[in-house]
Amino acid sequence: VSAARLHAGQEYVDTLDRLGMAIDGAMWAVSANGRVELLLVSRLVDRLGPNVIHRAPFKAYELAKTPRMIDPWDVTVFGLGTRFKKVIDSSPIISAAPVVMTMLGGHKVLGDPAWMPFEGWRVRGDWMIRLPPRNVEIQAQSTQAQLRRWQRFEEHLQAA
Amino acid sequence: VLLNLADIEKADIPPHLRPQFKTVLQWDPSHRYAAARMPRVLAVEMYEAAFGQEGVVMWLRSL
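Which chain is which? The protein sequence lines are A and B, in order.
Quick note: the numbering used here has the first sequence finishing at residue 160, numbered continuously throughout.
Quick note: the numbering used here has the second sequence finishing at residue 63, numbered continuously throughout.
Treat the hints with care, as some may be off.
No farther apart than 25 Å at their CA atoms in a straight line, the calculated lysine to any residue pairs in the SDA-like style are these [as the list claims (entries may be wrong)]:
| no. | chain 1 | residue 1 | chain 2 | residue 2 |
| --- | --- | --- | --- | --- |
| 1 | A | Lys86 | B | Trp27 |
| 2 | A | Lys65 | B | Ala36 |
| 3 | B | Lys10 | A | Gly125 |
| 4 | B | Lys10 | A | Ala160 |
| 5 | B | Lys10 | B | Met58 |
| 6 | A | Lys86 | B | Ala34 |
| 7 | A | Lys65 | A | Arg130 |
| 8 | A | Lys86 | A | Tyr61 |
| 9 | B | Lys10 | A | Ile70 |
| 10 | A | Lys86 | A | Leu131 |
| 11 | A | Lys65 | A | Asp17 |
| 12 | B | Lys10 | A | Asp71 |
| 13 | B | Lys10 | A | Val36 |
| 14 | A | Lys86 | B | Pro29 |
| 15 | A | Lys86 | A | Asp14 |
| 16 | B | Lys10 | A | Pro92 |
| 17 | A | Lys65 | A | Ser2 |
| 18 | A | Lys65 | B | Ala43 |
| 19 | A | Lys86 | B | Tyr33 |
| 20 | A | Lys86 | A | Glu154 |
| 21 | B | Lys10 | B | Tyr47 |
| 22 | B | Lys10 | A | Met69 |
| 23 | A | Lys86 | A | Gln10 |
| 24 | A | Lys86 | B | Val24 |
| 25 | A | Lys86 | B | Ala43 |
| 26 | A | Lys65 | A | Val1 |
| 27 | B | Lys10 | A | Leu131 |
| 28 | A | Lys65 | B | Ala34 |
| 29 | A | Lys86 | B | Leu17 |
| 30 | A | Lys65 | A | Lys108 |
| 31 | A | Lys65 | A | Glu137 |
| 32 | A | Lys65 | B | Pro29 |
| 33 | A | Lys65 | B | Leu17 |
| 34 | B | Lys10 | A | Trp28 |
| 35 | B | Lys10 | A | Arg130 |
| 36 | A | Lys108 | A | Pro92 |
| 37 | A | Lys86 | B | Ala36 |
| 38 | B | Lys10 | A | Ala64 |
| 39 | A | Lys86 | B | Met58 |
| 40 | B | Lys10 | A | Lys86 |
It is worth saying that the hints were derived from the structure and are not from the lab.
Looking at chain B on its own, in the form it has when it is part of the complex (with noise of 0.2 Å):
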């Protein structure tokens, strides 16, 4: 939904940024870490994901 608002196309969004972008899309809240403590590694990758420099939001505010 929010590509779509900002009118970007999956096929725009350079390759190597992609596996980024899936994890930051197909979050929801089944993939909460209710139990379970989340892995460091997870949390950290997730992080990263969102807001590294290789991350979704720096790829956005580039554009």
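Okay, chain A solo, but in the shape it has when bound (with noise of 0.2 Å):
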């Protein structure tokens, strides 16, 4: 993933955000085949459904609010119960910090960010955007005012 789509990834997750789509997480990933895509965690998936979640995307690309470096047929959506999110959960926490190894010596090496699978994924520690909360941190907040944000964004996409 190139700087500049790293760049446009993060402006895409904020763009979409500010807009109304509560985004949870996001990153970039590899897919076991190969392909790289943009992985959005979001809670509501799982109170809306994937399709009304994807309209949102389409629209805001047609609409030209979302960056045109990201093609939303490469940005997917999970929801907080899929295996996908429980894995990244139970998984050491990842930082997209530069590895610094500490050499004999005392001096310091910058070594390659580490990889992570997530069920068939894998995702580098600088191709965070967003680091997801556990569910339970998720869960404990209200989902009212998000979906209250998702009906204004809908609203907006279709006024436009």
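Take the two lone chains and join them into the complex the hints point to.
In structure tokens form, the structure reads like this:
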């Protein structure tokens, strides 16, 4: 994933979030068959269903609200109850910070960012755009405000 | 892969059916609901995406 694409991914997530789609987690990942996709985790999937959720990225792309570099066909959305999210929850906390190793003698070496396997997907530490909180933390928050934001988002897209 | 086999470009898919196609095409085992019960709305929408009036199968059969 190029630096430009990483940047576009961050902008993409921020834009959708600002427009009204609650995005709990986001990262670039490589699938088992080598496809690179932008993975989003959203609590809204389990409330509204995937077809409703997918309408937003397609419509926002058509209306040029999101970066052209990110094709909505390359965006995959996960609900909180999926195996993918469960595996993230039970994995060690990952970080976008570069891996720094201290060698004998005290000098420091910058290592390659670690790869993390999540249910057939592989994510590099520096591909993490937004680390999703654990489900218990998300579920402790009210979803009503997020649903109202989503409703305004849909109305906004329909009116455009 | 299936779209390639059927010689269908994503651009050929009508815009109003793209969300349903995305739902069907993105599914892989990482989307399974193992410990948690799959929410009903999700199950209904997945069925609709595949077999509903505005679903993938209907459109493919209309070609």
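Outcome of the hint check:
Between the alpha carbons of Lys86 of chain A and Trp27 of chain B the distance comes to roughly 16 Å, so the proposed pair stays at or under 25 Å and holds. Restraint check: the Cα-Cα separation between Lys65 of chain A and Ala36 of chain B comes to about 34 Å, which exceeds 25 Å; the hinted pair is violated. As the CA atoms of Lys10 of chain B and Gly125 of chain A are separated by approximately 31 Å, the hinted pair breaks the 25 Å bound. Of the supplied pair hints, the one linking Lys10 of chain B and Ala160 of chain A holds, its CA atoms being roughly 24 Å apart against a limit of 25 Å.
Straight-line distance between C-alpha atoms of Lys10 of chain B and Met58 of chain B comes to about 16 Å, which keeps the hinted pair within the 25 Å bound. Among the hinted pairs, Lys86 of chain A with Ala34 of chain B is consistent with the structure: their alpha-carbon atoms are about 9 Å apart, no more than 25 Å. Straight-line distance between C-alpha atoms of Lys65 of chain A and Arg130 of chain A comes to about 20 Å, which keeps the hinted pair within the 25 Å bound. For the hint linking Lys86 of chain A to Tyr61 of chain A, the alpha-carbon distance of about 29 Å lies beyond 25 Å, and the restraint is violated.
As the CA atoms of Lys10 of chain B and Ile70 of chain A are separated by approximately 15 Å, the hinted pair is consistent with the 25 Å bound. With a C-alpha separation of about 13 Å, the suggested pair Lys86 of chain A and Leu131 of chain A falls inside the 25 Å cut-off, and the hint holds. Pair hint Lys65 of chain A plus Asp17 of chain A holds up; C-alpha atoms about 12 Å apart against a cutoff of 25 Å. Between Lys10 of chain B and Asp71 of chain A the CA atoms are separated by roughly 11 Å; this keeps the pair inside 25 Å, and the hint holds.
With a C-alpha separation of about 17 Å, the suggested pairing of Lys10 of chain B with Val36 of chain A holds against the 25 Å cut-off. Among the hinted pairs, Lys86 of chain A with Pro29 of chain B is consistent with the structure: their alpha-carbon atoms are about 13 Å apart, no more than 25 Å. Of the pairs offered as hints, the one joining Lys86 of chain A and Asp14 of chain A holds, with about 24 Å between alpha carbons and a cut-off of 25 Å not exceeded. Among the hinted pairs, Lys10 of chain B with Pro92 of chain A is inconsistent with the structure: their alpha-carbon atoms are about 37 Å apart, more than 25 Å.
For the suggested pair Lys65 of chain A and Ser2 of chain A, the alpha carbons sit about 21 Å apart, so the restraint of at most 25 Å is met. At roughly 30 Å between alpha-carbon atoms, Lys65 of chain A and Ala43 of chain B are farther apart than 25 Å, so this suggested pair is violated. At most 25 Å may separate the alpha-carbon atoms for a hinted pair to count; Lys86 of chain A and Tyr33 of chain B meet this at roughly 9 Å. Between Lys86 of chain A and Glu154 of chain A, the direct Cα distance comes to roughly 29 Å. Violation of the 25 Å bound is thereby established for this hinted pair.
Restraint check: the Cα-Cα separation between Lys10 of chain B and Tyr47 of chain B comes to about 21 Å, which is no more than 25 Å; the hinted pair holds. A threshold of 25 Å between alpha carbons decides the hint, and for Lys10 of chain B with Met69 of chain A the separation of about 16 Å falls inside it, so the pair holds. Proximity of Lys86 of chain A to Gln10 of chain A is assessed by CA-CA distance (about 23 Å); at most 25 Å being required, the pair is judged to hold. At most 25 Å may separate the alpha-carbon atoms for a hinted pair to count; Lys86 of chain A and Val24 of chain B meet this at roughly 21 Å.
Distance restraint check for Lys86 of chain A and Ala43 of chain B: the Cα-Cα separation of roughly 19 Å lies within the 25 Å cut-off, and the hinted pair is therefore satisfied. Using a Cα cut-off of 25 Å, the hinted pair Lys65 of chain A and Val1 of chain A holds, with the two alpha carbons roughly 22 Å apart. With a C-alpha separation of about 30 Å, the suggested pair Lys10 of chain B and Leu131 of chain A falls outside the 25 Å cut-off, and the hint is violated. Of the pairs offered as hints, the one joining Lys65 of chain A and Ala34 of chain B is violated, with about 35 Å between alpha carbons and a cut-off of 25 Å exceeded.
At most 25 Å may separate the alpha-carbon atoms for a hinted pair to count; Lys86 of chain A and Leu17 of chain B exceed this at roughly 30 Å. Pair hint Lys65 of chain A plus Lys108 of chain A does not hold up; C-alpha atoms about 43 Å apart against a cutoff of 25 Å. Taken as a hint, the Lys65 of chain A and Glu137 of chain A pair is broken in the structure, with Cα atoms around 30 Å apart against an allowance of 25 Å. Taken as a hint, the Lys65 of chain A and Pro29 of chain B pair is broken in the structure, with Cα atoms around 31 Å apart against an allowance of 25 Å.
Using a Cα cut-off of 25 Å, the hinted pair Lys65 of chain A and Leu17 of chain B holds, with the two alpha carbons roughly 20 Å apart. Among the hinted pairs, Lys10 of chain B with Trp28 of chain A is consistent with the structure: their alpha-carbon atoms are about 21 Å apart, no more than 25 Å. Restraint check for Lys10 of chain B and Arg130 of chain A: the C-alpha separation of about 29 Å exceeds 25 Å, so the hint is violated. Under the criterion of a C-alpha separation no larger than 25 Å, the hint pairing Lys108 of chain A with Pro92 of chain A is consistent with the structure, at around 23 Å.
About 9 Å separates the Cα atoms of Lys86 of chain A and Ala36 of chain B, which keeps this hinted pair within 25 Å; it holds. The hinted pair formed by Lys10 of chain B and Ala64 of chain A meets the criterion: a straight-line CA distance of about 19 Å does not exceed 25 Å. Of the pairs offered as hints, the one joining Lys86 of chain A and Met58 of chain B is violated, with about 34 Å between alpha carbons and a cut-off of 25 Å exceeded. A distance of roughly 31 Å separates the Cα atoms of Lys10 of chain B and Lys86 of chain A; the hinted pair therefore is violated under the 25 Å criterion.
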